[in-house]
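Chemist: Residue strings, one per chain:
2 protein chains.
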Amino acid sequence: MQGTVGELGEFGLIRELTARLPLTPAVELGPGDDAAVVKAPDGRVVATTDVLIEGRHFRRDWSTAYDVGRKSAAQNLADVAAMGAVPTAILLGLVAPADLPTTWATELMDGLRDECQVAGATVVGGDVVRGDTITLAITALGDLQGRAPVVRSGAQVGDVVAVTGWLGWSAAGLTVLSRGFRSPRAFVEAHRRPEPPYHAGPAGADLGATSMVDVSDGLVADLGHVAKASGVDIDLRAADFDVPAQMADIGQAVGVDPLVWVLSGGEDHAIAATFPSTVQLPARWRVVGEVVRTASAARGGQVTVDGAPWDRVGGWDHFASE
Amino acid sequence: MQGTVGELGEFGLIRELTARLPLTPAVELGPGDDAAVVKAPDGRVVATTDVLIEGRHFRRDWSTAYDVGRKSAAQNLADVAAMGAVPTAILLGLVAPADLPTTWATELMDGLRDECQVAGATVVGGDVVRGDTITLAITALGDLQGRAPVVRSGAQVGDVVAVTGWLGWSAAGLTVLSRGFRSPRAFVEAHRRPEPPYHAGPAGADLGATSMVDVSDGLVADLGHVAKASGVDIDLRAADFDVPAQMADIGQAVGVDPLVWVLSGGEDHAIAATFPSTVQLPARWRVVGEVVRTASAARGGQVTVDGAPWDRVGGWDHFASE
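Protein sequence lines correspond, in order, to chains S and U.
Once you know that position 155 of the first sequence is 155 in full-length UniProt numbering, the rest is easy, because the numbers rise by one and skip nothing.
Once you know that position 267 of the second sequence is 267 in full-length UniProt numbering, the rest is easy, because the numbers rise by one and skip nothing.
No lab work stands behind these hints, which were simulated from the structure alone.
Treat the hints with care, as some may be off.
Same chains, same names: a pair is fine if it fits in one copy or spans any two.
As the list claims (entries may be wrong) - Here are the simulated SDA-like cross-link-like pairs (lysine to any residue), alpha carbons at most 20 Å apart as the crow flies: (1) K228 / G32; (2) K39 / L21; (3) K39 / E28; (4) K228 / G307; (5) K39 / A148.
Using the sequences and the accompanying hints, generate a full structural model.
Modeler: Structure, rendered in C-alpha cells:
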C-alpha cells in the first residue's frame, strides 16, 4: 500500500477501500460494478444524503479519520432511523487531495464500516475523486419493514414531545475542544463519535409516533421544523431535561449555561418525536414538552421553553457567516 | 430570490431548489424531511454515487449550470441503466461558495430535473453546504423490474461485443473547446450534455446481455474492466465503428485520429454489452468485436483492436497527474 492516495491512484485506492468491506444479507451486489444492488424488501427505499467538508464539519487535528468515518456515517444512518426505517446501506463520495495519506482514507473507511455495523448496514459503493479539500458525501438507504414513514408534519395538538439518545454532549465537547482542552473525555468523545439511538427510530414508529426527527441542528431548531410542518407550536419544560452533573460542572467552568448545549447543540443525533398523550412510553424516552395550539400568525413553528421564546444560539445555517 | 446563495441562506436555497421539482409516481415522499421515500417495487434497489468538482469535471466558462446539471445527472442515471434497471430517483449533495449566484444553483437544479425526466426519474432530496469549490455528489437509484442485474463479470468466450449510444462525440467536443473553439456545435453540445441511451440498459438485459457497462472512462478502458472481471480478453474491429464524416474532418483539422476519440473518449455514456452470438440484436446495437479466450498470464483483461494492443491514451485515472 503506497503512502498517498495520489501515489496509489484511483483504482488502487478503490481496491484498498473496498477490500475492507464485509457484505451483509441486505447486499445483493457490492462495490465494483456500475452500481450496487441492495435489498428493499418493503418495496420502498428510504434515502438521504449529507455532505461533510474538512474545516467546516470536522478537523483532522481534533478527530481521527476513523472518528470522521464513524460520525459521517452516523449522521446519515440517524436520518434513516428517524423516518422509522432500518438502515441497510451507505454509499460514499470522497474528494481527496493527492497528498492525503492512504492510511487516512482506509481508516475513514474502517470508521464508516464499523458505524454501519452498529446500525445493521454496510458500505456498498461510492466514488473517489481528486480535489483540494477533503469532502465526504454520504448517502444512506433504509428499509421501512412495512411501516408508514414517520414524517415531520404529523404532530397534533395535545401530543407529548419526547426525546431519546444524548443531548448537548457533542456541543459541550466542541466547546471544550475549541478552548484547547482534551477532556473531560466523555464529552470530547461524544463530539468525535456520536451514538445515535438507531433502534429508537423503528421502535418509535411502532409506538405510534405522530412525527419524528433526527436532532442534528439542535433540539429547538429541529423541533421548529416539526412545528412548522405540522402547523403547531411546541412548548418544552426546562426542568424535564437531564443535565448531568459533569455537564453542569463544565458549564460553570467555561461560563456556559449547559441548557444551551442541551437545547441548541446538534450533532449528538438524538431522536425527538411526538406521541399521543395516551401512549405508554418506555423509559428510554424522556417526555420534555408538549404540542400546543399555535398562537403565531405564521401558522405554527414556534418552540418555547417554559412558555417563553428560546433565543439563545439558534440552529445551524450552513451558509451563515462564521 | 436573493443574489447569492450566501445571502439566501441554507434554508432559503433549499426552498428555491425544491420548489422546482415535480414528483413522480415513484416518489412516496420527496424533499423536506429527514429522508426521502422512493418506491422499489422490485424489492431491490440499484444505487450509485458520483462526485463532480468544478475545474476538474466541468468548467463554468465552458458549460452553463443547466448543462452541468444535465451532465451530472446523466452520468449517474447511465450507471443505473447499465445494470439493466430503470432509474427512479437522484439525490444531490451540493457544495457551494457563498458568493455563488443563486441563479447558478437553480439552473443546475433545472438541468438535473430535466435530465431525470428524460430517464423517468426525479430529484428526491439532498444537502447543501458551503465550501470553496463547487462540488456535486449525485446518487442515483433505480428499479430492476424483476431483472437480474447485468454485471461486468458475465462475458463469455464467443460472445459478441456491441455498443449503443454515442462514442467519441464528447471527446471531440472537449478537444475543440480546449483549443478555444466553440464549434462544430454538435460535438461541443455532446460534450456539454451527453445523451445516454437509458432505454438500452433494461432492453439489453431483456435481450440477454451477459455483461454490460456504462462507457464513462473510454470504451477500451471500460471493456478492460469487463474483460478483467470476466477472466477473458476482448478484440475490437476498428472498421466496425462509426466515425461520422464530420468527426473525421475535425480530426484532420486538429491532427487527431478520430478513432482515439471513439475508443478512448469517455463521457458520452454509451452502453457496451456482450451478448451470446446467437442473439438477434436490433439495429440500435452495433457489433464491434468479440470476447476471446485470454492469452494473458494475468487471467484476462486485455482489450485489443484488430488483434493488436491499443495504447493510445488510456482510461481516465482521477488521481493521475494532470
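Chemist: The structure should be examined with respect to each hint, and the outcome stated for every one.
Modeler: Hints versus structure:
In the homo-oligomer, the alpha carbons of K228 and G32 lie at most 20 Å apart only across protomers (12 Å), although the nearest pairing inside one protomer, at 43 Å, exceeds that limit. Taking CA atoms no more than 20 Å apart as the test, K39 paired with L21 passes inside one copy only; the shortest distance there is 17 Å, against 27 Å between copies. Taking the closest pair of Cα atoms, K39 and E28 come within 20 Å of each other both inside a single copy (7 Å) and across two copies (18 Å). Only within a single protomer do K228 and G307 lie at most 20 Å apart by alpha-carbon distance; the minimum there is 17 Å, versus 67 Å between protomers.
Taking the shortest alpha-carbon separations for K39 and A148, both the intra-copy value of 18 Å and the inter-copy value of 13 Å come in at or below 20 Å.
Of the numbered hints given earlier, the model fails none.
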